[in-house]
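Q: Throw the hints in and build the complete structure from the sequences for me.
Chains as they are written, first to last, in our numbering: chain H, 1 to 278; chain W, 1001 to 1245.
Do not take every clue at face value.
[Stated by the list, open to error] Distance condition first, Cα-Cα at most 25 angstroms in a straight line; then the derived DMTMM-like pairs of lysine to aspartate or glutamate:
1) W:Lys1089 x H:Glu265
2) W:Lys1089 x H:Glu175
3) W:Lys1120 x W:Asp1159
4) W:Lys1109 x H:Glu175
5) W:Lys1089 x H:Asp170
[Claimed, not checked] Computed Cβ-Cβ distance ranges for the label pairs, DEER-style:
6) W:His1047 x H:Phe263: 48 to 56 angstroms
7) W:Asp1159 x H:Val122: 50 to 58 angstroms
8) H:Arg110 x W:Ser1207: 47 to 55 angstroms
9) W:Asp1159 x H:Tyr258: 56 to 64 angstroms
10) W:Ile1164 x H:Arg266: 33 to 41 angstroms
11) W:Asp1159 x H:Lys124: 42 to 50 angstroms
12) H:Ala125 x W:His1026: 37 to 45 angstroms
13) W:Gly1116 x H:Phe263: 51 to 59 angstroms
14) H:Phe263 x W:Asp1221: 55 to 63 angstroms
The set of hints was computed from the structure by calculation and includes no laboratory data. Just so it is clear, CB atoms sit at the ideal spot from N, CA and C, and this is done for glycine as well.
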Amino acid sequence: MTAVLTRPARLDDLSTGPAPDRRRIAVPRWVRRLSGPVLLLLAWAVSSTTGWLDPQLFPPPAQVAGAAWDLVRTGQLQVNVGRSMLRVVEGTLLGIGIGVIIALLAGLTRIGEDLIDSTMQVFKAVPNFALTPLLIIWMGIGESPKIVLITMGVAIHIYINTYSGIRGVDAQLVEVAQTLRAGRRQLITQVILPGAMPNFLVGLRLGLSSAWLSLIFAESINATQGIGFLMSRAQTLLQFDVSVLILIIYAVAGLLSYALVRFLERRLLGWRNGFQGV
Amino acid sequence: MTDVSPDSTPSQAVEISGLSRSFGDHHVLRGVELTITRGEFIAMLGHSGSGKSTLLRVLAGLDSEASGVVLAPSARAVVFQNPRLLPWKRALPNVAFALTGDDARDRAKAALAEVGLAGKENAWPLTLSGGEAQRVSLARALVREPELLLLDEPFGALDALTRIKMYRLLRELWSRHRPAVLHVTHDVDEAILLADRIVVLSDGLLSLDVPVDVPLPRSRDSAGFAGLRNRLLAELGVHEGIGAA
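A: As structure tokens, then:
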């Protein structure tokens, strides 16, 4: 008797081909990451030269570059961008400090949670920018209301994410720390805070976006310096090239903030072997 | 309220009497009595939900709601089924976590070498295999020179081949450091291979307490292994004979 082997209807070929050619993907990551924004710029230039974009309403890249050069030559761009950056940095640092401290108070103690959490949810519900007029009435038109506006937005994002990160720390690890006789300080600095770090960085990312958004609002009213001031002046004087330039500056600022958070994630979350993409 | 009191009579590592613990109406432990001699290796068998882990958690000082008298040395260490390493610390700092003394790092390094992980000091826990992670967890417990080592189904998540290697390692480490061991498991073979004495926990009470008279080195075909195994399975109310009509 011979056995009759029937072939299955279909066999998948799972054998891998030759190793992929490494030279083909030798383009550095950062170049690939920049390709999107560069393509946008290119599309803009092409649309302008072909006349698809009305140069009166949407100035071509060269005109915007010219406007930028004029502002640099007269020193206005450096002064205003510098002033705005200072506001964002000050407001963000303050916001991080306040957000982390109240997240610790609410995250580590029951009473802190009861006192703080619902209050912060109230603040979260109030649009930051609804406060702008009030802040100006309370604090005048100096630096304080601008920085306070940025600080509040950042603090709320940092708080909400860090707090949920602290509450999400694996209880099993807290138990281990107890059985290993870790002190309260070791428990906080080496178990709870590192455990909350991924969420903190999510908060930082959202906080930084909110910081630039707050800046626009803060500087659009009664500012005498800053990119928001440049923006509203350009609007009044119908300088569309400057308006576009300011948009680009906001975009670059956002991109740099994002790069900063990614850098921090790589440095601080190296222990995670999360999905890296294919 | 129990006190896990730091002191006990010199020859005893653990003395438990009248230990009870209930969760709501569910009485998990109902007056357990157990004594463990210094340097003794005890395995505790029981079905899931028999209260084994509850008892171990009381001894570990993680349960303050139980009533009864529990005396245990203050130098205790626990190894859980899940290695519970801090994922944001590399292997060596995990072992050295909460260790005191100037030589903490060196001691941690020696402990890692002892469990066969020399050279893995800088590995992240998430890159370790299950067996390796559990060995780091063992090193973290042993580096504290415990007088009482509590093992809560430490090999439950490991594959059968890794498990055999871990048995040898654990027994070796135990004979070198001589802590009293309470090894909680539901694997009858594991209990016989490792322990000097086996207790069975059923319905919140110790229902059996037998010495393991199987000569060392032990394997599953050692004399006396099958007999003891059958006795323990019967006590646990389990019958083999798979495939019987």
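Q: Where does the structure disagree with the numbered hints, that is, which hint numbers, in rising order?
A: 8, 9 and 13
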